[in-house]
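S.K.: Modelling step: build the complete structure from the supplied sequences, incorporating the hints.
The sequence shown: position 27 = 27 (full-length UniProt numbering), numbered continuously.
Everything labelled a hint here was simulated from the structure, so no lab data went into it.
Mixed in with the good hints, there may be bad ones.
Each pair of labels, with its calculated beta carbon distance range [what the hints assert, rightly or not]: (1) Asp33 with Gly64: 31 to 37 Å; (2) Arg34 with Leu65: 31 to 37 Å; (3) Ala6 with Ile59: 18 to 24 Å.
A virtual CB, placed ideally from N, CA and C, is assigned to each residue, including glycine.
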Amino acid sequence: MRPRNALDWVAFVLLLIGAFAWGAFVTDVNVLDRALEPIADPLDDAVFVLIALSGLYWIARVAGLGPRDSSP
Numbered sequence: 001m002r003p004r005n006a007l008d009w010v011a012f013v014l015l016l017i018g019a020f021a022w023g024a025f026v027t028d029v030n031v032l033d034r035a036l037e038p039i040a041d042p043l044d045d046a047v048f049v050l051i052a053l054s055g056l057y058w059i060a061r062v063a064g065l066g067p068r069d070s071s072p
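M.R.: Here it is as structure tokens:
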């Protein structure tokens with residue numbers, strides 16, 4: 001399944017960021033916390049919430065609960 005619209009692409013990019021963040025998290029380095037802490041501490045929490053929502057969006061999309069693709 002490929003991203004087809006802007007919301008798909010935003011959710012996909014957030015999933016990639018989340019995947020890399022979890023990959024670094026298992027090595028005891030919270031990449032998002034280190035990158036976003038100088039800007040604002042609650043910002044990394046907001047990004048993690050967006051990553052979780054994008055994961056739920058893609059689960060629904062893959063399960064066929066989202067809009068149907070009109071192209072073959």
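S.K.: Hint by hint, note whether the structure agrees.
M.R.: Verification of the hints:
Range check, Asp33 to Gly64: Cβ separation about 35 Å, and the 31 to 37 Å hint holds. The hint said 31 to 37 Å for the Cβ distance between Arg34 and Leu65, and at roughly 35 Å that hint holds. Take Ala6 and Ile59: their Cβ atoms lie about 19 Å apart, and the range 18 to 24 Å holds.
Of the numbered hints stated above, none is contradicted by the structure.
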